[in-house]
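Both chains are given apart, each in its own frame, so use the hints to dock them into the complex.
For the protein sequence lines, the chains are A and B, in the order given. With our numbering, the residue at position 67 of the first sequence is 97, and numbering never jumps. With our numbering, the residue at position 64 of the second sequence is 1403, and numbering never jumps.
A hint or two may mislead.
To be verified - Some chain A residues flagged as far from chain B (calculated, every beta-carbon gap over 12 Å): (1) HIS71; (2) GLN85; (3) MET289; (4) LYS324; (5) LEU340.
Claimed, not checked - Residues from chain A shown here face chain B by an in silico Cβ test under 10 Å; the list is partial: (6) ILE67; (7) GLU75; (8) GLU79; (9) THR244; (10) LEU248; (11) VAL316; (12) VAL319; (13) SER331; (14) ARG356; (15) LEU363; (16) ARG394.
Hints are computed from structural coordinates only; laboratory data are not their basis. Please read all numbers here as calculations on a predicted model, not as lab measurements. From the three backbone atoms N, C-alpha and C, an ideal C-beta is built for every residue, glycine too.
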Amino acid sequence: MALTRINIGPVHPSTHGVLRLVVDLDGDTVVDVDTRIGFLHRGVEKLVENRKYMQCPPYMEKLDYAAPLSVDELFVATVEKALGIEVKERAQYIRVVLLELQRIASHLLWLGTTCNDLGQLTTGFMWAFMDRDLVLRLLEEATGSRMFYVNMRLGGLVRDLPAGFDEHANKLLDYLEKRLPRYERFIEKNPVFIERMKGVGILSKEDALDLGVTGQILRASGVDYDVRKDNTYYVYNKLHFSSKHAVSGDNFARYKVRMMEIGESIRLVREALRTMPEGDAVGMPVKLVMPNAKNRISIVSREVPRGEELMYLVADPQSAYRLSIRAPTFINLAALRHIARGCRIADLFAITSTLDFIMADVDR
Amino acid sequence: MKVDRENLHSKIEEMKKNGYDYLVKITAVDYIKSVQLIYILRNTSALKDEVLEVDLDPSDLYVHTIMNYYKAADWYERELAEMFGVEIKGRKAKRLILAKWDGRGYPLRKNFAWNEPYEKRE
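In isolation and in its complexed conformation, chain B is listed as follows (with noise of 0.2 Å):
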């Protein structure tokens, strides 16, 4: 299901409404032409899965924490922000946590150089 940036916020809370009590996973995937953002949401009791795509340009990366809705999103937000570049707006921890990657790009990017020498990263 797509959902715009502006709208994940209030469709979380109403899938939240739904029973929709658990988050499976969020993991993003480089399109080039957009970054696109994926929520994997269930109900434990209705055993139903739901996959929230959020399409995002990649001059404008940024998206509101849902850790007010899920507490399980803490660590997949912070590889998102790692791994992606995406800003997580609306929180606090920000300290990389897997690949500790501080040059230039993000590591899961398709622009991502493997062979440039190590530059920090501004």
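This is chain A alone, in the form it adopts within the complex (with noise of 0.2 Å):
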């Protein structure tokens, strides 16, 4: 059998990224995939080694610059966790409020970049954009800046929420929930889309628990695994949210995963500013030093939009001795090459698409 071996990226407008694959194809059918990465390592472990704490926040918001405030939030509670600070009850629900409204904008980004791979430039990746940029422009007034936030600080934030931030989420969410269903019409109607996406890159659940993916991935394979409701944080146990999952394992089932989120981050911002507590939310002051650390390894998991970010910490008293990070996309990317045996080559940049990897969290 003659294989044809075709070279894809490192800088190709569907890699989302600097990613490198090498598909070997017979016909037009993928046999096999070397996915090569590494191309935008810049070694954030290495760095904050040799960094204080409160020093490494802007490193970690770049790892995933489409969700930097989780990942943001997942370094100050890893180093929270060795210091030993509690964070104050009202900083926990204004962390829940900017954390799911960061996955709204994640997952708006997402579906206009999903848009623009199956060929719908100028609507969907238009119409995912624009209402993306509202949701930023909250974060923005929340946080003061657009897009890398530096909001956290050990025990809680930098400044409360603004006056007038609940009537103006508010308002940005009654209009999210009319846009959802039309997202759905326009996308689901459309048989471009769902020739690529219903029945391709089919993951079945032992493989996806075997390839150790995580996220909507996971769940789109029938694993209804969520670290916010079974290793819950903060005041997630408190709120009242389902965990989405789909048993399909397709590409349609990770589209459909992600929308049905978007739904349930709604609910949960809506419910978190009613339910909040009065009180101080402001964290301590960065200084030249900080309390010393107590616990020597700390290890401390969040959902972040693109699934389940680890952070194993061993912590000198003023600075990290080693942080290692599990990026989800890491592995998600990894899982590829199994997923993509088989598909069409036109289909492959559906699958990458779904699997929705920052290149700058795979190669950290």
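Right under this line is the structure:
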């Protein structure tokens, strides 16, 4: 059997960053994909070993630049655990609000780029990016910055929510709730989209567990594991939401799980804003010398928009002796080889799209 | 939980039988006197995590692959080999994946020299 070998990337509009794929084809059927990563490796884990704890959040934010707040929060939470610092109750609620808004923004970015990859640049992409921008504006109102927030402090946040935030947030959430069915009507009735989504890129439950995929990819394959519910943190156990999962494990299931999650996040933000207690939410100021670490080893995991991110911190008193990051996209991308075998070359990008990786997060 | 390198496979096999069906992460820490490998396994139905720690002597850094138990180990093990110089026995793919550093030393080891001129590793 004569195979054709083609090279895709490292610079390609559909690889969402610098990713190189070496694809072996039989006709137009993919026989094997060799995934080459590492073009964006910055050595973040080594860099933090030479810095004080609170000098690190800006590095963390550049890991997953589509959801910087989530990674920032995870790092600060890991340091809080190492230093034995409790988070103020109001700050916990605000963190949940911001994290869920970040999840909505991140999923909308994913939706836009997926529409782009499937040939709907004008409508799908523009709609999703317009709506994402509204969410970013709300986050800007709360944090003072549009993209890289650095809004977490030990035990709380840099600042409390501004006056009038509730009203603006609820207005936006009303709008988004009306938009979601429009997206679904627009996308799910499009034969081109459906053709490349339904029954394509199937990942079975057993394989999903074996390959260690996480987040929506794991849930779309029928494993209902969500860190927010199953290893809960902050006030998630006081709020009412369900983790969404599907069973078919194909591209469409991954799309559907993300869309349902946007709806859940909208409900979560509403409830958190409504039940938020009064009080102080401002954390400790950043000083040259912070409290000494109490716990040598801290393991913290969070449900970030792309799956479960985990940090393993070995603490020295004032800085990290070693920080190991389990990037969700790293392990999701490792599964590409398995998922893509047997699909058509044109469907390869539908699959990479639904895996939703950020190369900065993969390479660290 | 501390595990010897020799008992790692039997321990993982036993845990897999007991419902630990998901590998969360393989990583390592260089404690200078020893390099500690860390395997985090999860039981997804009982929602329990278990951390296995394997201490290795830095002069004798090797471990057998666990890819026969979890396919997820693939890239983690390659990262381990690249960043810590741990030899992973029993697997074919050896290409560097992240930093692609082929000079002296291993990037995440504590004795890695930042400022020395590049010299290709033997």
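Query raised in the report: Once the shortest beta carbon distance from A/LEU363 to chain B is found, is it less than 10 Å?
Result: holds (8 Å)
Query - Given hint A/ILE67 near chain B, where the shortest CB pair must fall under 10 Å - result: holds (6 Å)
Query raised in the report: Going by Cβ atoms, does A/HIS71 stay more than 12 Å from chain B at every point?
Result: violated (5 Å)
**Report entry** Hint status (Cβ of A/THR244 to nearest Cβ of chain B, threshold 10 Å)
**Finding:** holds (9 Å)
Requested in this report: May I ask you to test the interface hint for A/LEU248 with respect to chain B, counting a Cβ-Cβ separation under 10 Å as satisfied?
Outcome: holds (9 Å)
Query - Interface hint for A/GLU75, Cβ within 10 Å of any Cβ on chain B - result: holds (6 Å)
Query raised in the report: Once the closest CB in chain B is found, is it more than 12 Å from A/LEU340?
Result: It is violated; A/LEU340 is separated from chain B by about 6 Å at its closest Cβ, not greater than 12 Å.
Report task. Hey, is A/GLN85 genuinely clear of chain B, shortest beta carbon separation above 12 Å? Result -> holds (18 Å)
Requested in this report: Would you assess whether A/LYS324, listed as outside the interface, keeps its beta-carbon beyond 12 Å of every beta-carbon in chain B?
Outcome: Holds, since 18 Å exceeds 12 Å.
Query raised in the report: How about A/SER331: closest beta carbon in chain B under 10 Å, or not?
Result: Holds: closest Cβ of chain B sits about 8 Å from A/SER331, inside 10 Å.
Report task. For the hint on A/VAL316, just tell me whether its beta-carbon gets within less than 10 Å of chain B. Result -> With Cβ-Cβ at 26 Å, over 10 Å, it is violated.
Report task. Mind verifying the non-interface call on A/MET289? Its CB should be farther than 12 Å from each CB in chain B. Result -> holds (24 Å)
When the structure is compared with the earlier hints, violations turn up for hints 1, 5, 11, 12 and for no others.
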